[in-house]
Amino acid sequence: MFHSCCSSQMRTIGAFRPQLTQLLNPSCFRSFKVRALSSSSLPSSNQSRGGLPRFFSQVLPSYKGDVIRLEGDEVWHMTKVLRLKTDDRVELFNGNGGLVEGSIKNIRVNGLEILAMEEPKSVLPQSTQWHVFAACGTLKGGRADWLVEKCTELGASSVTPLLTERCPTISDNRVQRFERIALAATKQCQRLHQMNLNSPLKIDGLLPFQLQKRRRL
1 MFHSCCSSQM RTIGAFRPQL TQLLNPSCFR SFKVRALSSS SLPSSNQSRG
51 GLPRFFSQVL PSYKGDVIRL EGDEVWHMTK VLRLKTDDRV ELFNGNGGLV
101 EGSIKNIRVN GLEILAMEEP KSVLPQSTQW HVFAACGTLK GGRADWLVEK
151 CTELGASSVT PLLTERCPTI SDNRVQRFER IALAATKQCQ RLHQMNLNSP
201 LKIDGLLPFQ LQKRRRL
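Quick note on numbering: UniProt numbering labels position 129 of the sequence shown as 129, and the sequence is numbered without any gaps.
Check before you lean on any hint, since a few could be wrong.
Said to hold, decoys possible - Here are the in silico distance ranges between beta carbons for each label pair:
#, residue 1, residue 2, range
1, Q190, D88, 24 to 30 Å
2, D172, N106, 31 to 37 Å
3, G155, L207, 19 to 25 Å
4, G65, I203, 30 to 36 Å
5, S62, T169, 16 to 22 Å
6, K85, N198, 36 to 42 Å
Since the hints were made in silico from the structure, they are not lab data. Please read all numbers here as calculations on a predicted model, not as lab measurements. Built from N, CA and C at the ideal position, the CB exists for glycine as well.
Using the sequences provided together with the hints, build the complete structure.
So, in C-alpha cells, the structure goes:
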C-alpha cells in the first residue's frame, strides 16, 4: 500500500514537475552518492598525488636528492602502524604549504631518513573573502576533541579555547591533546596549511583579537 501511495504521489508531482520526479528516482540517489565519494571528481591542490601516505615535518628537504632525518611520533606511525619499509614512498608537508615526495632510507630505532625524490613544492593557501575561526568553552565527553577535528577538516583558520566563569583554566595537557588531534585531522583531510590553535582567551579578549585579525567568528 505504501508503494502504491508513493507511486501515485510521484505521478501527480510528475505532471507538474518532471525534473522533480527524476530527482526522486532512487537510481539518482545512487549516482549522487558515487560522485560525492569520488575524490577524483574534486580536483584540489591539497590532495595527495598517487595516494601516498603523508607525514608532518617542520623541516623539508631543500632540493631533489637532499636527505633529512625524522624522529618521534611520525616515525612510530610510519614503521609501527603502517609498517612502511626502506624504499617505500611517502609525502612530507610542513603545515605552511610545503610538500615533497620522498623515499624512506636508513631506518633506525630512534629515527629514519627521507630522501627527496623531487623538487619541493610550495602551495599558496586558497584565497577566501573571510578567514573563519572558531572559539569554544569547555565541552565534555570528547565533544571538544570532535570540534577541533571537524574545524580542521572544514578548513577553519584557527580554534581558540575560551576561558569562562565555570572553566577559568585549561590544562596544558588538554591543549597538547588538541594539537595532536588537529595534526592528525590535517593529515587525514590532506590539508597543506595547518589550522592554528590559539592560546586560551577570555571572551573580553577574544573580540578585540577577532577585529584585529579581521576574521569571522
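Hints versus structure:
1. Q190 <-> D88: 24 to 30 Å: violated, 19 Å
2. D172 <-> N106: 31 to 37 Å: holds, 34 Å
3. G155 <-> L207: 19 to 25 Å: Given a distance of about 23 Å, which is inside 19 to 25 Å, the answer is holds.
4. G65 <-> I203: 30 to 36 Å: violated, 52 Å
5. S62 <-> T169: 16 to 22 Å: This hint is violated: roughly 42 Å between Cβ atoms.
6. K85 <-> N198: 36 to 42 Å: For N198 against K85, whose Cβ atoms are near 39 Å apart, the range 36 to 42 Å holds.
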